Every structure is written in structure tokens, then in C-alpha cells.
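Student: Sequence:
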Amino acid sequence: MLRITQTKNTLLDGATIAEQLYTTPKDCEDFFESIEKPTEVVAAPRSTFIRAGVLTTVRGSAYMEYGNTKVMAIVAPPRELVRSSARRVNMGVINCFVNFAAFASGELESVPEREKHLGSMLTKALEPLVCRNEFLNFQLDIRVLILDDDGCLLSTAINCCGVALIECGISTYDLITASTACIYRGYVFVNPSAKVEELLWQHRGGNALVGSSSTTNSNKDASIQEHGLLINASMDTFEQLAQCQQCGYLKPETYVRLLDYTLEINKSLRQLIRRVLTERVKEQHILDMRERAEERLEDERLATIIERLKQQGLHEFIQSNIREDPYTKK
Numbered sequence: 001m002l003r004i005t006q007t008k009n010t011l012l013d014g015a016t017i018a019e020q021l022y023t024t025p026k027d028c029e030d031f032f033e034s035i036e037k038p039t040e041v042v043a044a045p046r047s048t049f050i051r052a053g054v055l056t057t058v059r060g061s062a063y064m065e066y067g068n069t070k071v072m073a074i075v076a077p078p079r080e081l082v083r084s085s086a087r088r089v090n091m092g093v094i095n096c097f098v099n100f101a102a103f104a105s106g107e108l109e110s111v112p113e114r115e116k117h118l119g120s121m122l123t124k125a126l127e128p129l130v131c132r133n134e135f136l137n138f139q140l141d142i143r144v145l146i147l148d149d150d151g152c153l154l155s156t157a158i159n160c161c162g163v164a165l166i167e168c169g170i171s172t173y174d175l176i177t178a179s180t181a182c183i184y185r186g187y188v189f190v191n192p193s194a195k196v197e198e199l200l201w202q203h204r205g206g207n208a209l210v211g212s213s214s215t216t217n218s219n220k221d222a223s224i225q226e227h228g229l230l231i232n233a234s235m236d237t238f239e240q241l242a243q244c245q246q247c248g249y250l251k252p253e254t255y256v257r258l259l260d261y262t263l264e265i266n267k268s269l270r271q272l273i274r275r276v277l278t279e280r281v282k283e284q285h286i287l288d289m290r291e292r293a294e295e296r297l298e299d300e301r302l303a304t305i306i307e308r309l310k311q312q313g314l315h316e317f318i319q320s321n322i323r324e325d326p327y328t329k330k
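For the sequence shown, the working numbering begins at 1 and goes up steadily by one.
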């Protein structure tokens, strides 16, 4: 029986496999056959849930579920750089920290390396988004907690951080959305799962196609057939790419095709995020109006007390508000 672990590789956006997972080429074939393969390419996002302002103790926070991938992002207000670490003074500094929950990773030994790599990729994606010229000599700390991973981890984290930045009130040039697509053995997987990403890494190691049934004498170059993964973060208003990460072997026309798929998914996610943020603004407006109404009632009550105090005098006002204890009266 195959043993699948949720250990990530620094070169891919998803999980990787443990060493010596496929003991024979037939194991690889059986594992590939067990994966559900798409009959047609549908450039649409997974079932998505996004919530802004999930934490009341911080100014900016967001939670996102992208299928079975669950991510939470926290953004703190900018704080002044420590003089010893102030290297760039002409632009604000963004620091992204990624942490896996204890129950979200299979192997703890590789967690620090994975967290460091994801934090670096996240920083590169968010730097073109934030107006860093507005907080000179300041740094912005963004923290991401991975609760569960079923593929598309980096793109989900980018989407979640974009919502958290807006919730925190940080100035941004646009809304950022990201998605993932890959190709393996001629199949295009949009929003690939962790299992598909594991196969991609095994293929990069040169073991996935060794001895496979698809290798024939007429197809001796099967070991170098197209296989790769593309992560695309875009800002649609300016038609710019904040980050585009690719690994594997892709032909130019295939690269363009996967890029078009991810851009289409990003547009759908953009509409969803705009709707979520709009609902958040309406919700906050209702809360503000309620607080103002309560403050107005409190002001009216205090005004009534002051007017009575002026009419009755201090002594009479105090006596009129004294309530006798029935037990003391007896």
C-alpha cells in the first residue's frame, strides 16, 4: 500500500512525496490511475469561503477556505524599523511569516524550510501590491497560519493576505488574486490537489515515468514530456502580474495556455473578493450606526440628568435618587 505524506517541496506549491515512496514503476502507475483525471478543462475556482475580520484582537485579519485548503492571515499596522535593521529607507519593508499548525504537517523536520520558502514567495507577491512609499522607515508584518493543505497553498495564502491587507486599511494599488494550474502526462489540472503536486515532484526527480506503460519504442522521449506547475498572481485593473512562478518543463504554447487558465480563475476570484469586501463594509457601517445610536441615547440620558441637577440642586437631586432599603426600613 502506498504511503502518502503531506511534506512540501520548496520548488512546488504543493505537497511532495517521501523518499522511496514508489518502490516499483507499477506503484507509480497505480497511484496515477487512482487519481481522478479531468475530462475537460474548466477554468473556475474551487468552492471558496472568505471571511474578513475574523479576529477582534488585531486590526486586519482574514480566513479563507479553498476547497480543503484552509489559511488564516493576520496583518499588523506598520511599525518603525529598528535602526540596526534599517537598510532600505526609501521604501517600506514587508515581512511575511508562514507557520504550519501542528496538525497540518506530516513531517516536522522539513517544516522550517517550507515555512521559509513560502514566506519568501509570499513577500515577492505582495511587494508590488502594497503602496510602500507611504510608510517610509516602517515595516509591515504579515503572518499566515496554515491549518490544512490540499494543494494550491501559495495561491490561497496570497488571496487571503490580500483580503487581510484591505481589512487592515493598508493602501494597495489593486486587489490581488492568485491561482495554480499544472500539466502532467497530457492532462491539465486546474487547482491541482496535493496528490497531483506530489506526482509532479516525483516526475522532476526522473522516477515517475521509468518503466511506465506509456513508454514505447516509438516514444522514447516520454521521460521529457511536458510536466510542470504554474502559479500566477495578478492585478487585473492594471493588467499586471505581481508574481508568476513556474517549475517543470513546459512548451511556450502550453505555458501561455496555463497562463490564460489562471488569469480566468483570478478574474472569478476577484469578483468574489470584491463582493466579500463590499459586504464587510456594509456590515461595519451597520455596526458604526448602531454604536452612534447608542452614544446618542447615552448623551440624551446624561443631558436629562444635568438638567434635573440644575433645576433641583445637588442636595435635592441626591435625595430624589436615594432608594430606601425595605429591610432597613423595618
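Derived by calculation from the structure, the hints in this document are not laboratory data.
Note that the coordinates shown come from a computational prediction; the quantities given were computed from them, not determined experimentally.
All residues carry an ideal CB built from backbone N, CA and C; glycine is no exception.
Errors might be hidden in some of the hints.
To be verified - Derived PhoX-like pairs: lysine-lysine, alpha-carbon spacing no greater than 20 Å straight-line: (1) Lys70 / Lys116; (2) Lys251 / Lys70; (3) Lys267 / Lys37.
Claimed, not checked - Here are the computed distance ranges between Cβ atoms for each label pair: (4) Glu295 / Glu316: 35 to 43 Å; (5) Tyr255 / Ala102: 18 to 26 Å; (6) Pro77 / Leu309: 23 to 31 Å; (7) Arg275 / Cys244: 21 to 29 Å; (8) Gly186 / Glu239: 29 to 37 Å; (9) Ser47 / Tyr173: 44 to 52 Å.
Student: So, for every hint listed, does it hold in this structure?
Tutor: Hints, one by one, checked against the model:
1. Lys70 / Lys116: Holds. Lysine 70 to lysine 116 sits at ~19 Å (cutoff 20 Å).
2. Lys251 / Lys70: 32 Å, violated
3. Lys267 / Lys37: Judged against 20 Å, a Cα distance of about 24 Å means the pair is violated.
4. Glu295 / Glu316: 35 to 43 Å: Given a distance of about 29 Å, which is not inside 35 to 43 Å, the answer is violated.
5. Tyr255 / Ala102: 18 to 26 Å: Since the Cβ atoms of tyrosine 255 and alanine 102 sit about 38 Å apart, the hinted range of 18 to 26 Å is violated.
6. Pro77 / Leu309: 23 to 31 Å: 42 Å, violated
7. Arg275 / Cys244: 21 to 29 Å: 26 Å Cβ-Cβ, so the 21 to 29 Å window holds.
8. Gly186 / Glu239: 29 to 37 Å: 31 Å, holds
9. Ser47 / Tyr173: 44 to 52 Å: With a Cβ separation near 29 Å, serine 47 and tyrosine 173 fall outside 44 to 52 Å, so the hint is violated.
Consistency note: the structure conflicts with the earlier hints numbered 2, 3, 4, 5, 6, 9.
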